[in-house]
Structure formats: C-alpha cells, structure tokens
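So the sequences go chain by chain: A and B.
According to the working numbering, the stretch in the first sequence is residues 1 to 502, in order.
According to the working numbering, the stretch in the second sequence is residues 1 to 442, in order.
Since the hints were made in silico from the structure, they are not lab data.
Just so we're clear, the structure is a prediction, and the values are computed from it rather than from any experiment.
Each residue gets a CB set at the ideal place from its N, CA and C atoms; glycine is no exception.
Warning: the hint list may mix true and false statements.
[To be verified] If the Cβ cut is set under 8 Å, some of the chain A residues that face chain B in the computed set are:
1. Thr12
2. Thr15
3. Lys42
4. Thr66
5. Arg140
6. Trp143
7. Arg147
8. Gln488
[As the list claims (entries may be wrong)] Below are the DSS-like pairs computed for lysine-lysine, each with C-alpha atoms no more than 30 Å apart in a straight line:
9. B/Lys223 <-> A/Lys42
10. A/Lys293 <-> A/Lys281
11. A/Lys60 <-> B/Lys206
12. A/Lys232 <-> A/Lys293
13. A/Lys232 <-> A/Lys281
14. B/Lys65 <-> B/Lys48
15. B/Lys48 <-> B/Lys72
16. A/Lys293 <-> A/Lys204
17. B/Lys65 <-> B/Lys105
18. B/Lys48 <-> A/Lys453
19. A/Lys293 <-> A/Lys371
20. B/Lys206 <-> A/Lys42
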Amino acid sequence: MNELDALTRLATLGTSRSPELGATAGVEGQVLRALEDVPLEKRLLLAAGARSVARAAGRKLARLETRGDVAPTDTLPVCPPRVSAVLTELLVSNDVEVLREAFELLARARRRLPPELLPRVLGLAERSLRVAAEPVLGERGQWLAQRNPEWSSVAEAPAADPADAERVWTEGTPEERRAVLSQARSTDPARARGWLQTTWAQEKAEHRARFLACLDVGLSPEDEPLLELGRKDRAAAVREVARYLLARLPESAFARRMLERARAVLTWEKPATLRVRFPDKWDAEAERDGLDKPPAGIGQSEHWLIRLLEAIPLSTWETGFEATPGQLVEAAARTDHAIALTEGWAQALRLGVSSSWAMALLGFWTRCESKVLDAERAQTLAISVMEQLPPAERAARTLRILRRAESLPSLDRALAVTPAPWPADLGHAWLESLRELYDPSTRATALLGALRKASTALPPQCLPNAVDPLVLPSPLQRWNAEMHRFQQTVSLRRILYEELKP
Amino acid sequence: MSAPPLTSEQALALAPDSSAAAAGQKLATERSWQGLGRDARAAWGECKGSALYQVRIDLSDLATKCTCPSRKFPCKHALGLLLLVAAERLPSGQPPAWVEEWLSKRSTTAERKAKREAAGEGAAPADPEARAKRTAERHTRVQRGLEALSLWMEDLVRGGFAGLEAETAMWNTQAARLVDAQAPGLASQVRQLAALPGSGPDWPRKMLERLGRLALVTEAWRKMDQLAPPLAADLRSVVGISLREEEVVAQGERLEDTWAVVAQEVEDTERVRAQRTYLLGATSGRTALVLQFAAGPGARFAESFLPGTAFPAELVFWPSAAPQRALVHERKGDVRPWLEALPSLTLDGLAQRFADELSRQPFRERTAALLGAVVPLVDGRRRWWLRDATGAAVLLGPSDRWRLLALSGGQPLDVFGEWDGEEFRPLSTRVDGRFLPLGGLS
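Given the sequences, and given the hints that come with them, work out the whole structure.
Next comes the structure, spelled out in structure tokens:
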C-alpha cells in the first residue's frame, strides 16, 4: 500500500485528533496558503477538491514501449453476418446441441468465428463445445486464448501425457478414473488391463463393475484371466459384466461351456419343432456361470433359458438348426417357453446384431396376446431390441410405426430411441403428422412430446418445411410454448445451413 | 432507389432482446407479408401473424409502429420489416392511407413540439414577478441545503474516515436532506459515496477527493453571483436544477453537423429506463451527450438513435462553460449507416481536451472522445492499457475488454469512451466501419 499523502492522512485520522497539517507542496499547498483564515476542515476539503481537479486535468500519461504483440493474419474467411447473429443468439441461450452443429458446419464450410464472439466461445463452460469450436477459432482465436490463463486449455494441444494419465488412475475420483481407463483402453488395451489388474483387489464392488465394463473396447482373449476374476466375483453386478464380455470371446472357457449346455437344452426336430429339456443336474461350474437361483418373480426355467441364450451368438442357431430366424421364432412360439426364449435371443443381439432376428422378435411380440405377454413387458423388450439396431434401421422402424404399419414399440418410445439426425423421410412424415393433429390423443402426445428432440434431429432437407408456421388447434394449445421453441430452433438451424454450404 | 438506411446487423441491434431478434429474422421473408412497399420517406407492410398486423417505418429516423399488442419495442414484426428494408427487398410504391395518416400525425406532433419550443423562445413568462420569486425561494432552499452539506462534510473530516462504514443509513439520510433541499444532483453524488468505505486500499483518498469536489460546489454556490453565466448554468445543473427543453432551445448553443451515433447505454431501474447516447459531429468533431428517459413498462424513448448510423441535424447544447449535453432540435435529413472515418483524438489530445474543459468547467467528472488508432494490451500485472502510436498509454476501465482485445488482435483500432483523468472506460469500437458496443461485461 502506498504511503498516505498528507491530506488523506489527516482526513483518515480526523482533524480533532491531529490538528496539524504537515508540509504540503503543489496545488494543495497553494490552496492551503491562500485560505489561511478558513477553518482547518474546510481548508482540507477545498485543498483536496482543487488537487483532485488539477490531477484529473494534468494527468501525465504513462509511456509503454511497443511490444509488437500482434495476432498472426487469418487465412480462413470470417463467417457471414447472418451466421454471426445466429451464433450470438445461440451463445446467449446456451443451446449446446445447435452450437455444436454450428461449429461443425463452420468447420466444414472453412469459415471462422467473427472476433467479437471469440471471448464468449472461449469462455464456454461445456468442454466438449470448446473442443468443437477449436477448428473455427482462427489464428485470432488461438492468439487470444494464449492471453487468458482461464482459456489456455483451448490453446494447449490435447496430447495426454501417459504419466499424467497413470497418476489420474491412481489418484483421481471414480469418474475421472473410469474416463482415463476407457481412454487408455482405446489406445493401449494391455496397459489399461494392467492398471485394473493391479488395483482389482482394492476396488469397491460398484467400481469393479464399471471399470470392468471398460474392457468392452479392444476386447481380446488376453482379457480372459481378468474376466475370470470378475465371473467369480462376490457382487452380482460384476459377474454380469464379466459373463457378457466372456460371451463375446467365443474361444473362452465360459463361452464354450455355455454353448455345450445350450445345445443340450435346445433341440430341433425337422421340419420345425423346438424342444426344451433341462438336464436333471447341471455340471459343477454351471452355478458360477449364471445358472443359479432366479430372482423373485421369475420362474427357474425362464431364468435359466435367458441366462443361457444371452451368452450364445444368434448365428449359432441358424447354422446349427439350418433354420431362419423367422422359423426359429415361430417354433419357439409353439413351446411353453415362448417369452423366455425370445427374451434370451433378444439379449443375445448384444453379441452380434441381426435385423432379421430383430424383425422376427418384434413381429412375434406384436402378435402376442396380453395374457401371454403384458403390454409393459412387450414395450421393454421391444425397446431393448430397438436399441441394438443400427440408426438407419431404428429410424425405418420408427417411420413404419409413425405410418401405423407397426405398433411396437409405441410411437413415443420409438421416436425417443431414434438417434439424431433423423433421415429425411422420417422427418417429413413426422412434420406431416403434426399438421394433421386436431385433439389430444396418445398419438398427439407422442408427436408433440418429440418437439424438443426433433428441433435438433431434423435433417437440413426438412428445415424449410419445419419453419412454416404451425398453429396448433385450440385443444392442443398447452403445447404452444414448446412449439414456439421448436420453431425458433429450426429457423436458426435453417439459417446456418443456408449460409454455410461447404 | 436510395441506398438502404441501415444494414441487417444494425436492424438486429435494434431488437429489445434476442428472442425478438430471432422472431424478427424469421419474419424477414416476403412469404410472411402482404402489401409490402416503400417510398423515400417510409416503408410498410401487413404481417400475417395470428391476425393481420399493419407495420410501418419512418425511414427518416427509423421510428416504427405496429398494430400488434406486443409490449416489446420494436416488436418482431417491425424488426422483420426493418430487415427487409436492409436487404433492399421492398418494391417502390404509394403508401396506403394508414401509412399516410401515421406519417402526417408524426409531422403534426413534431410541428406542435416546434411550436411549443418557439413559444418558449419568444413569449415572456406569464408572470415574471411570481417566477422570479419562485426562483429566489428555490435558491434559498438550495443554499440552506448546501450549508448543511458543508457542515456535515466538515464533521466527517473532523471525526476521521477510520471509523466510517459502507452502506449505513448515514449516507441516505444526508442524501434525503439534499433531495428535500431541491438539490437532487448532489443527493445522488452523496448516495454514491456510500459504496466507498472499504472498497479498496485507496478508498480514503478517493473519499477525500469526492468530498473535496463537493466542497468546491458548495463554495462556488455561495459565490454564484461572481460566476460567469455559463459556469453558473453548469453549477445549477450539477446541483440538479434542470432546465426545461424550451429554455435550453432558447439559450443553448446551436450546432449543425452530421451526427454519428457512437455509443449508447441503457440503464434500467425499477420505474425509469435511462438512455445515454453519444453523438459525434463528423465535421466539427464535437461530442454531444443525449439523455432520454422512459417511465413505465413498454414506454419508449422519444428519439430513436441507432448506433453505427449518422444523420444531419441541428443540436442545441445545454448552456455551459464546456457544453456537453445536447438535444436534437431539428433533423435535416435521413438516417444513414456511417462507414467513413470520424474525427478522433490521440491520447495526448484526450488529456489536453479534458484539461481545457476542466479549466473552463471544474465540476466536470469526465469527458467522452473517440481515440484514433489505439491498441489494447494487458501487461504482466494483468492491468489493461490503451496505447497509441506515440507510446502514450491510459489505463482501461471495466468493460468488455477481452472483446476489445479480440477485435484488435494487436492492431490499432478506434475506441470511443469516457475519460475521468485516471481511467478510460471504453463504450464502443469501430472495426472496418462496423460499430461494436463494449458495454458492461468482464
């Protein structure tokens, strides 16, 4: 802190305590001398006022040497003004998904952000967005980021230091550790496995399950010993992850045992009869392979069938029985175990997806009477199958449901599990159906409930249609606010696509 | 057809908020309209919303009117039409009756205003004696209020600042007394003092200097009859005795120029929105501050000023030894985007100008100016500076400084702002003729 000047010192102490004013020079000295007859307090105030005015008027400007710190010249052209207005809008409303799309479009069109938006973009809280913005910062943005320590994470190359990753693995929070393990697994699977092996015994059960699941990426026969530990774990959740991963290794001891048992349980008689027969007694390892007591509410044979079938790739049955998925599902339907068999097969889609199996299963559940398969379970099963399908097939199924050609899963769930971007035919059909709504119904709720999702999932071809104002009939007006938001978002996206053609 | 009076960006900048801007953009397509048209004076169209709304724009000052019930101003329909104007998408035509009516009503209002001003100019006050008596009474009240203020300030320095605390009732009590004494200008200065104690290591010096400047005012008031008339006018205005507009028009300095709108700030309080607009004369280089107030929700400012544009007009400055505040007396032509250079100062020129103004009008707290070719930079101690080509530098006050640095990239640019002798507070900058505000943030 600076030494207080004479006037300020006197005012701080108070003239009642320190009635003397030290020697003063300058403007305040002149004023004080000129006002000798005036009481000290007034003299002090007037001298301070005069000095303040004199200082403001006579401020000697600082001199700074030229450092020549100039940003390199940008090579990318800046984005068009309409885009910059849209970006401003999106930054104000912090619309993460559309912002990410905008950054990608800018990058593809080889444009950069206008300088005035750089501080806002560099200051974005969402890290993934800052990463998405990286290619469109331009030279100016990179230069600016280096000047603010809070932004430097953007300027730094994201080269992860291996020693640093290992430190995070040993010292980080569970979530950080999972992230770094999964990162390491994708670049060096053996190293990641080594990490988990060394700490396995000390990990809590919940973390063991989540860490083990990271082996999904880069899975290989070398992982079997560690997965074997998981298969014998105390915690059911860990065992379940281990069984799934071992099932994905067809040469593993577990997979071979399960296959042998399944072949004994399920037999095929030409032309199309499926027989289910359990052995009098399982072998010694069976219980630890998951063929144990069922949880409450599930029958013993149902439990066993699901556990068995979910571990066997579906192609096994097609080649083994020389039958199509359709024939197999039909045959299963004629047994006493129809639901358990189809659920087990549905789970097995995780080991290798097959559209013909998915269609056969969905078709069967659709035809099932509700006393055989209750509606809620049918939905759950159908969603689990949908989630295994590739995006295009999911969208195709959703489109058929929207056109009332299919009914499982329900429209709202089908729309919810159809990933963005939607294909154009689905987008158009959804928009068209929206315009046909006139009163509340499950269909209306499903279609309108998808507004938020559709606002970002509609592909560019659908946007001109989507921005056409749509006035909801009065029985549906509680959706007005949602509709308004939807139209706002699609109109911003439309501008982006119009202006940023690559 | 003449050039569009504004760019799309400027039209968007008029939006009261971003949702209105987005909605306006959505309406900026011929499909949403019928009967679109424009002539030299106005633009119009009927917008198809949940009803048909009649929207019109006076192109001479960009005032707008729409029949929709929105309280936003301008509403999204008006913004949509402004954007169409900017994009030059309107066909020439004859204005329909509802546009003509509005335009003629606007002219009548303007004429009535002019007449009122003329009346104030020419006619003698109704009862000069009563008026002189009222003035004398007020002078005495203010006089008493200022005497009390002097005593209060002397008590403060007698007791010492060491025991002062921020935000206590003391400041408000003294401010209320000044309001009672009809010195609202000083009341608000006293209220601002409340925030000082403990606000930083340097606060006692700042407190003493602010009190010292108040003491100069009270001392000057006592010697009012020795002051030259312009400085006496300044003193009255510092105290808070306002002139009516017709008095300003009658007494103030008139200056005709093309005035560029170089900065604008709007302050929202509970009941009143206050707008501060800085105009810069393209030829004279003079700076003028236009204050406008709008009371109540949805209220609009009487004059519309669009940052980045310029218009020819005659301004009248408030009587002053160093005139600064002004009003637009008469517009002489249309609003146009302003892309050309504007007269600017170097940093030494800025210091010189403030010294000149203070030598004529020592109660002034700050001056506003456009600085030419200055470079923003941050030093090793994270202090912000503006430096010019000669190496002279001033500290940068709080504003959106990172935005300024982003726009500059180390290259010189023009910055408009306020200088109080210690810090320069940037309000706007111009890059390649584009106007960009730097208010508020960071």
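Hint by hint, here is what the structure shows:
no.	hint	verdict
1	Thr12	holds, 5 Å
2	Thr15	holds, 5 Å
3	Lys42	holds, 6 Å
4	Thr66	holds, 7 Å
5	Arg140	holds, 5 Å
6	Trp143	holds, 7 Å
7	Arg147	holds, 6 Å
8	Gln488	holds, 5 Å
9	B/Lys223 <-> A/Lys42	holds, 16 Å
10	A/Lys293 <-> A/Lys281	holds, 13 Å
11	A/Lys60 <-> B/Lys206	holds, 19 Å
12	A/Lys232 <-> A/Lys293	holds, 16 Å
13	A/Lys232 <-> A/Lys281	holds, 21 Å
14	B/Lys65 <-> B/Lys48	holds, 16 Å
15	B/Lys48 <-> B/Lys72	holds, 18 Å
16	A/Lys293 <-> A/Lys204	holds, 25 Å
17	B/Lys65 <-> B/Lys105	holds, 12 Å
18	B/Lys48 <-> A/Lys453	holds, 28 Å
19	A/Lys293 <-> A/Lys371	holds, 25 Å
20	B/Lys206 <-> A/Lys42	holds, 17 Å
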